[in-house]
Each structure stands twice: as C-alpha cells, then as structure tokens.
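Taken in sequence, the protein lines are chains B and D.
One rule links them: number in my numbering = place in the first sequence (from 1) + 85.
One rule links them: number in my numbering = place in the second sequence (from 1) + 39.
Simulated from the structure, these hints should not be mistaken for lab results.
Check before you lean on any hint, since a few could be wrong.
25 Å max Cα-Cα, derived BS3-like pairs, lysine-lysine [stated by the list, open to error]:
no., chain 1, residue 1, chain 2, residue 2
1, D, Lys-120, B, Lys-396
2, B, Lys-396, B, Lys-374
3, B, Lys-270, D, Lys-120
4, D, Lys-120, D, Lys-65
5, B, Lys-270, D, Lys-65
Bear in mind that the values here come from a model prediction, so they are computed numbers and not experimental data.
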Amino acid sequence: MKITGAQSLIKSLEAQGVEVIFGLPGGAILPVYDPIIDSTIRHILVRHEQGAGHMAEGYAQATGRPGVALVTSGPGATNIVTPISNAYMDSIPLVVITGQVPTAAIGTDAFQECDITGITQGITKHNWLITDVADIPTVIAEAFYVATTGRPGPVLVDFPKDIAQTEVEWVDPPSFDELDLPGYKPQLDGDAELIEAAAQMMATAERPVLYVGGGILKARGAGALRTLAETTGIPVVTTLMARGAFPDSHELCLGMPGMHGNYTAITAMQEADLLVSLGARFDDRVTGKLDGFAPKAQIIHVDIDPAELNKVRRADIGIVGDARRVTEALATVSASKTQTDRSAWWAQLSEWQERYPLTFEPAEEGQALKPQAVIEALAAHSPADTIVVAGVGQHQMWAAQHWSYETPYTWINSGGAGTMGFAVPGAIGAKVGEPGRTVWGIDGDGCFQMTAQELVTARVEGIPVKIAILNNSYLGMVRQWQEMFYEERYSEVYLTPDVPNFVMLAEAMGCVGIRVDRPEDVIPAIERANAINDRPVVIDFRTDASEKVFPMVPAGASNSDVVVHPTQREGA
Amino acid sequence: MAEPFSGTTEHTPVSHHILSVLVENKSGVLSRIAGLFSRRGFNIFSLAVAPAAEDQRFSRLTIVVDAESAPIAQVVGQLNKLINVVEINDMRPDEATERELLLATVSVGEEGRAALLNSMAHAGASIVDFSANSVTVSLSGTPAAVDAFERHLEANYAPVEVQRTGRVALPRLNPPA
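Let the hints inform the model, and build the full structure from the sequences given.
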C-alpha cells in the first residue's frame, strides 16, 4: 500500500503507542497535519510551541511514557528549544518532531529554515534529519528507543516537507531489538562483585545515607528503594528530582538535601561516613562548595550513565546500571548481612530534626499570606494522590519543602534547567496523562506570566488543571538574593501586584479566577477550586514579599555553613 | 626496530592521550564530536579522519586530547554517549605507535638544493612537487621526527608553507608493563 511520508510518520507514531501529541502546525509541517485528522492519536493544539514541549514533559513525568511534541520549522522549532534543554537536564523522555523546509531548499536560507539539528545537538540524546521517505518507520522507532531507554532524554526528528509529500510503500517498523544502533547499548544490570562490595560497605558504615535522585523514579525503582532502606535501616534523603520516591512520613526519611534542603538532610550528608547515591548526580545545588562537601564520606555511586561516575565526586565504588535493578540487587545481598549498630547516628539525626525543623512564622492579623502556609493548606485540603507541578523560584522550593510527598510521581518540576514558566504547561501535560487525578500547578507571579496563555489551551481542550499563584509581586528568588547578597539593592525584580489583574486574566482565558488576601479565605478558596472540574481554576494568593526560603546554603558556600531560619539562629 | 619515544612534541604537551574512535558514517558525526569537545571544555590537539578499513559503515577518528583539560575517563565517557560512537580505544602515548604526515613547500634556489636534499635524506623525506624556485617535500614519521624536520625547514628556508595531518595511531604490540 502506497502512502505519503506524512501518513507514514503518523502510522509510525501510532506504532510506538503514542496516545497524544502536543503541537502547533505551520508551513513546513503542514502535510503532517492532514493525516492527524484520521488518526487515533489525540492532538492538543497549544498556543505557543514552548507550551507543547513542557506539556509533553509534564505528561512524561506523570506517566512514565514518552511525551511527543510536533511543531513546524524555523521559529516553531526554536520555540521548543527551551523544553528540549529542560528535558536534557532532567532526563525526561521527550520526542520532538519538527517540520523542515524541503530537502532541496536546505542550506539556502529558505523561508522559516533553521538548522534545528545543529541547534539541538548539545541538548538531545540524539537527533535525526530524515532524508529518505523509506527511513521514517525505522527512525521513529530509533527515536523512541533512544528517548526511553538507558538514561532517558529528549530526541528530535527533523522532517523535510518534501519527504512528507513523497509516496512510499508502508513497511512495519522494526522492533527495538531489531534496530541497528551499534554505538548504543545501555547497561542495565550492575556488576555482581561491585554490588557485593557495596552491600558490605553499607553494612559496616556507621553514619550512612541513601542519597536518592531522580534516576530512581525514571527506573520505576521506588519500591526497590523502600525495600533497601528497610532492609538496611539506612536513612534516605530525596533530592529535588526525587521527591516522592520515598514517603516523607517514613521514619527513615530525612527529606530534601541541597541549597534549600532541610538542616538534617544537608547535615546528615555532610557528616556521613558513606553516601550511597542512587540515580543522583552530585549536582552543585546538592553539594554546595564541592571541596567542602561530605568530607568524611566514602561514595557508592549507582548510575545508568557511565559518564556520571567520577564526573563530580570520585566514587569508591561506581556501579553502572539501572537504578531499580541495582537497588533490588543491593537489597537482596543486604538481607543476609548484619548492619552495624547505628543508634548513635540516629540519636544525632533525631537531635538535628528536633532542633532544626522546617519552620516559618505564621501571618499576624492583617498581614499578607505566608506562602508556606498556603502550600500546607493546599496539601491538607487536596486529595492524597494530587500531582503538584511547580515553576521555578521561591514557590518551587516552598512546594518541595512544605508538601509531604508520599507516593512517586506526585511532584513534577524543572530541576536542572530551572525553567521559569514550566508549571502551567507542565500541569496541563500531567493532567492529560492522569485525567482522573487532581493536578495543582504551584506557580509564582513571574513564572505565571511567561506561559499563562496555555490556560486557553487547557480550557478549550477540556483539561481542568488548578493553578495556585503565590503572588508576591516580585521575582522572589532574585529578590531574596538581592536582599541577602546585594545589600537590599533591588534591581528589576518588582512586578507590580495588580497588573495584570490575575482574576480577570484567568476569566478572559475561560478559567475560574479567585483572589485570596486573607488567611481565613485560603481554605474555602482551595475547597472551591477542588470542587470545580469542568474548567481550569486560577487562585491569586497575595503573599508576603519579605518571606525568604530557609534553610539556605549560599551559592559557593559549604553545606556546613547552611543558613537556618532566623528564629533558629544562635541567640534567637 | 625499536622506535624512540614519540609522545611529547612541541605540538602536544606531556599529558595527552590518543583516542582511536570508531564512528558510524552518518551525516553530522564530526560536528557532534567537535561540538561535544567544545561544550564540555575538552581540548583537541589534532584530529584525523578516514574510512575504517574493516567496515565501510564506519570511519575511524584519531583524536589527540589534552588530558589536563579534563579527566580522560570523562572525555571517553561523554564521547561514548554519542549514539554514533561505536568504540573508543584510549591510549597513553607510551602505549601507541603514532605517525604523522607533513607537507612543506620551501623556497630554495639552485645554490641551496644540495643542502636541502641532504637534510631530507637524513630525515627520510621525499620530494613530491617542484618548480624553479620552490620544492614541496613530504615526510611521514613520528610526531617528534616531524617536529624536528619542521623546525629545521623553518630555521633554514623562507618562506615555508607547512601542512600537517595530525597523527594516527595504533596500539603498540609490545606495550610497557
């Protein structure tokens, strides 16, 4: 049967099990949009290509399935570069298909031409320019295979217009096993001898910590992690990318480490004699000043990406493998080992937890809302399986700190890239993937204004997300740094509280808009929002601009010099 | 015949490694490798590319890398992540047999020719082109030998136009213990 290249592309996507595409048509990709009408795949028409990319990411993070975005050439392609970079930093399986000018026009500076494979070379696992219509099923299969296996990540397929219009005999795509990729062989199982040595090192460690990163979630390894922690009794810290991988309420959980982690998690890593890194990468936001990081700790580093081992911190035992499989193997081997008595370690940890809990001062009569209190109210009055999607900044840190994450894939954010504007489209994508669950986007007023227009998409496509704006009328995290490190010289961070009018803006986009100024109105507003399921809701929470995120390890400082909340400091 | 230590020349400081990299012959593969080196801050001293003898689907790159710009394991690890990179053989200078080709055009009149031919004979160079006032010579040898010959030409003839290929390498058959 002869079909067009465009039809072949859509059939190839269907063959990979794609259910939904986030996209926006344009000239070069126009032929591909015709067979979409006849496809089983749902297409969600975004208002900006960046929105398509972040929606695909939110979908992937919530479901574990690859997110797919479809855009045109030139500006369509460059508009999705930020999401691709975001997916690269956070190892999100993302398949981006870009239209390209006809093959004969490539290299001539044709209308809406740009070298998107060149531009994205450094921020994709791999990319392809299709030059032969017969290659489509194989290239799409390769793209999905590369995006979803090993260390997941973004891939891009550039698709010239003439290829889309050329007829070809349809051939079923090869299975993943049949692909010819001689340079790509992810190693899944860890080396048995190294696992034995690691389990022995763990059993004898007096002050060990399981340092758990986003890789454990990518590997669907939360269950294995719990088994390992409970088998060994070793405390767990979950990084910003791993929140939810281990229940915050678990007695072995120390919470989040890093620049805005809690005192106990940060200090436990600092004082540890062994860090067992499972799918984490010693990011600078976790280590602080590297020279001063965990000076007494031996390191066991488990990662599916061999290049992560010894990249930042030398590993005493480096194990290449899938985080779930290696964690399972460590748990199995550990089951027959006797763990060292760690009562002194636990006494120390408990002392820190009692002395330095996460804290904030409640609002006094007539004061603006405390952002931390808003997050705690949201958590307390939303369903237990609510998915939280954050933007980037103070609100993100408070949402990571003050929401108790009990199950995997309930916390989604932009970690490595720190992409402001992620929350609204990210939440939309998560809701598309998990339509039966409540999805709260927690956003700042700065972030919200970067991608808010996607709420139009949400309304029109019937995707009832809820967005909580913590509106302090500032670029809050930048303001915090200017207050602390630039002598309160506030430069270009004030956004004005009332322009735009967020309630009117929300309603103009077909959403319900609610404004909350007083503490007593917080819970009723949340309950009202949670009861609305036929359209998106935006709540404009007016919060205290002077609130800062604590604890904080100042940039460039050692984790030993963590700055705690003012009420917990010496003499306070 | 034992060959002299050929690792360090004026073009490559002490700490370099030679990476022999087998890659798929796909469009953009060189750009992917060059881009990786530049964005990760790895320095390349030389790069030579040719079709792989064993299989037409592949090419072999010989990359001389500054091992001080980054740990060599990190360079190898990141290179290995490129989908088109099939295999990397990492050699220290004392583990490799290296060769490089030089072409040089020198201005030389009738009176200087005998001296030039004499020095060429010593170095093992040959004439590949000539005109009334110039000669193009070629020399293949160890990087150190090529360095020495290049220095000799620059000291004695002007102007000199020199082109070098960058080195290619294979593992030594009897590497040091």
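Hint check results:
About 14 Å separates the Cα atoms of Lys-120 of chain D and Lys-396 of chain B, which keeps this hinted pair within 25 Å; it holds. In summary, the hint linking Lys-396 of chain B to Lys-374 of chain B is supported, as the alpha carbons are separated by about 15 Å, within the 25 Å threshold. This hinted pair checks out: Lys-270 of chain B and Lys-120 of chain D have alpha carbons roughly 10 Å apart, not beyond 25 Å. For the given pair, Lys-120 of chain D sits about 16 Å from Lys-65 of chain D by alpha-carbon distance, which is consistent with the 25 Å threshold.
Among the hinted pairs, Lys-270 of chain B with Lys-65 of chain D is consistent with the structure: their alpha-carbon atoms are about 18 Å apart, no more than 25 Å.
Checked against the numbered hints above, the structure violates none of them.
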